[in-house]
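Trainee: Heads up: the protein sequence lines correspond to chains X and H, in order. For the first sequence, our numbering assigns the number 1 to the initial residue and increments by one for each residue that follows. For the second sequence, our numbering assigns the number 222 to the initial residue and increments by one for each residue that follows.
Note that these hints are calculated values from the structure, not bench results. It is possible that some hints are incorrect.
Each computed SDA-like pair below joins lysine to any residue, with the alpha-carbon atoms no more than 20 Å apart [stated by the list, open to error]:
| hint | chain 1 | residue 1 | chain 2 | residue 2 |
| --- | --- | --- | --- | --- |
| 1 | H | Lys240 | H | Leu250 |
| 2 | H | Lys240 | X | Leu6 |
| 3 | H | Lys240 | X | Ser85 |
| 4 | H | Lys240 | X | Val213 |
| 5 | H | Lys240 | X | Met1 |
| 6 | X | Lys155 | X | Ala145 |
| 7 | H | Lys240 | X | Ala136 |
| 8 | X | Lys155 | X | Trp169 |
| 9 | H | Lys240 | X | Leu10 |
| 10 | H | Lys240 | X | Ile2 |
| 11 | H | Lys240 | X | Pro52 |
| 12 | H | Lys240 | X | Leu143 |
| 13 | X | Lys155 | X | Ala173 |
| 14 | H | Lys240 | X | Phe84 |
| 15 | H | Lys240 | X | Lys155 |
| 16 | H | Lys240 | X | Gly86 |
| 17 | H | Lys240 | X | Met217 |
| 18 | H | Lys240 | X | Asp87 |
| 19 | H | Lys240 | X | Ala88 |
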Amino acid sequence: MIARLLAAGLGAGVVAGLAVAALQHVTTTPLILAAEVYEAAQHAHDAAQAAPAFEGLRRTAATSFATVAVCIGYALILLAGMVFSGDAVSPRRAALWGACAFAATGLATSLGLAPQLPGAAETDLAGRQLWWLATAASTGAGLYALLRLEAMPAKAIGAALIVAPHFFWPTPAAPESTVPAELAARFAASSLAVQAASWIFAGVLAGLVWRLVTSDMQEPA
Amino acid sequence: MNNAATVRALSASRIETLKAAFVALVIGLGLVYGAGFANSEGVHDAAHDSRHALSFPCH
Numbered sequence: 001m002i003a004r005l006l007a008a009g010l011g012a013g014v015v016a017g018l019a020v021a022a023l024q025h026v027t028t029t030p031l032i033l034a035a036e037v038y039e040a041a042q043h044a045h046d047a048a049q050a051a052p053a054f055e056g057l058r059r060t061a062a063t064s065f066a067t068v069a070v071c072i073g074y075a076l077i078l079l080a081g082m083v084f085s086g087d088a089v090s091p092r093r094a095a096l097w098g099a100c101a102f103a104a105t106g107l108a109t110s111l112g113l114a115p116q117l118p119g120a121a122e123t124d125l126a127g128r129q130l131w132w133l134a135t136a137a138s139t140g141a142g143l144y145a146l147l148r149l150e151a152m153p154a155k156a157i158g159a160a161l162i163v164a165p166h167f168f169w170p171t172p173a174a175p176e177s178t179v180p181a182e183l184a185a186r187f188a189a190s191s192l193a194v195q196a197a198s199w200i201f202a203g204v205l206a207g208l209v210w211r212l213v214t215s216d217m218q219e220p221a
Numbered sequence: 222m223n224n225a226a227t228v229r230a231l232s233a234s235r236i237e238t239l240k241a242a243f244v245a246l247v248i249g250l251g252l253v254y255g256a257g258f259a260n261s262e263g264v265h266d267a268a269h270d271s272r273h274a275l276s277f278p279c280h
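So here's chain H without its partners, still in its complex pose:
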């Protein structure tokens, strides 16, 4: 068993994992920002009751 190769493979999969977590985080924050904070009037009107009900600042 080549230890260096194992370490390289491990760190490659760890980098892959971190990339995936970063993508999920950006999409997650984007969804919360869009529904909870975006200033567009259409989005505000549709999400209005949900913004109040989830304690986001509104109005």
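If we strip away everything but chain X, and leave its shape as in the complex, we get:
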């Protein structure tokens, strides 16, 4: 069972990750590169401002590798969720799980922390990461309670879990970056679309690969 789950997550994540990496290459990466020109100009007199650690093909490879790792993670999380709650794993159901996961890690978090280009004004990283993780977990648990539990008190707690993180939004940074607003707006929208695609691809492919790796079983687990 463990081997099948890991194999399905790995296979689905690699294929989904490569597709998302290709999508990033034509959507978000050109905006990041454009923003770095403004970031470099902003820090022209700052000697500590280093050039990006990776350039050209190495940079594309490193980005793609990280994206594949995230997509394997997404596929494993979705498979674990479905198996844990006793769902039959199918591409359609996995896509729905992926959509809910995107609502938790993409839509809910972007209310308090809009996706940012490099060079945007920012506050303390640890505090933002903590809020992001807490909000994603709380929204995910809230959606599960709301959609999968029948008792009214459970649904009420679910709704509260979805709303609660938004009373604790991180303090926004003073708007002082030199990245043009048009670039930043396009990036925020692209970044959310790319994240949505990652969850859905990872889910659909996890469902498909799961069928392959369990085709020899009499009863699907």
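Starting from the known structure of chain X, fit chain H onto it as the hints suggest.
Mentor: Just chain H, lined up with the frame of chain X:
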């Protein structure tokens, strides 16, 4: 057919399933945390563009 034995076998396989789901969840969260959140400079530099592109908090 011994019902008690069937129930035991079922719950044993359910426990096996839950264990597998837990392992998959831990590995999945570990991968997302490593690529999206880990503070190590090397990991940050390699995953930088992907972190921004997938809306993870960065910098």
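Trainee: Taken at face value, is the distance from the CA of X:Pro52 to the CA of H:Lys240 at most 20 Å?
Mentor: Outside the cut-off at roughly 42 Å; violated.
Trainee: Measure nothing beyond the straight line between the CA atoms of H:Lys240 and X:Gly86; if it is 20 Å or shorter, mark the hint as holding.
Mentor: Judged against 20 Å, a Cα distance of about 13 Å means the pair holds.
Trainee: Straight-line Cα separation of H:Lys240 and X:Phe84 no greater than 20 Å?
Mentor: It holds: about 9 Å lies between the C-alpha atoms, which stays within 20 Å.
Trainee: Do the alpha carbons of H:Lys240 and X:Asp87 lie within 20 Å of each other, as the hint requires?
Mentor: 16 Å, holds
Trainee: Within 20 Å, alpha carbon to alpha carbon, are H:Lys240 and X:Leu143?
Mentor: 23 Å, violated
Trainee: So if I understand the rule, the pair passes when the alpha-carbon distance is 20 Å or less; does H:Lys240 with X:Ile2 pass?
Mentor: OK: H:Lys240 and X:Ile2 at ~8 Å, within 20 Å.
Trainee: Hey, X:Lys155 versus X:Ala145, does the alpha-carbon distance stay inside 20 Å?
Mentor: Status holds; Cα separation ~6 Å.
Trainee: Could you grab the alpha-carbon distance between H:Lys240 and H:Leu250 and see if it respects the 20 Å cut-off?
Mentor: 15 Å, holds
Trainee: H:Lys240 and X:Met1: Cα distance at most 20 Å?
Mentor: 9 Å, holds
Trainee: Quick one, are H:Lys240 and X:Lys155 close enough, alpha carbons at most 20 Å?
Mentor: Violated - the C-alpha atoms of X:Lys155 and H:Lys240 are around 27 Å apart, more than 20 Å.
Trainee: Check the hint pairing H:Lys240 with X:Val213 against an upper bound of 20 Å on the C-alpha distance.
Mentor: At roughly 18 Å apart (the allowed maximum being 20 Å), X:Val213 and H:Lys240 satisfy the hint.
Trainee: Going straight from one Cα to the other, do H:Lys240 and X:Met217 come out at no more than 20 Å?
Mentor: 19 Å, holds
Hints 7, 8, 11, 12, 13 and 15, counting from the list given before, are not met by this structure.
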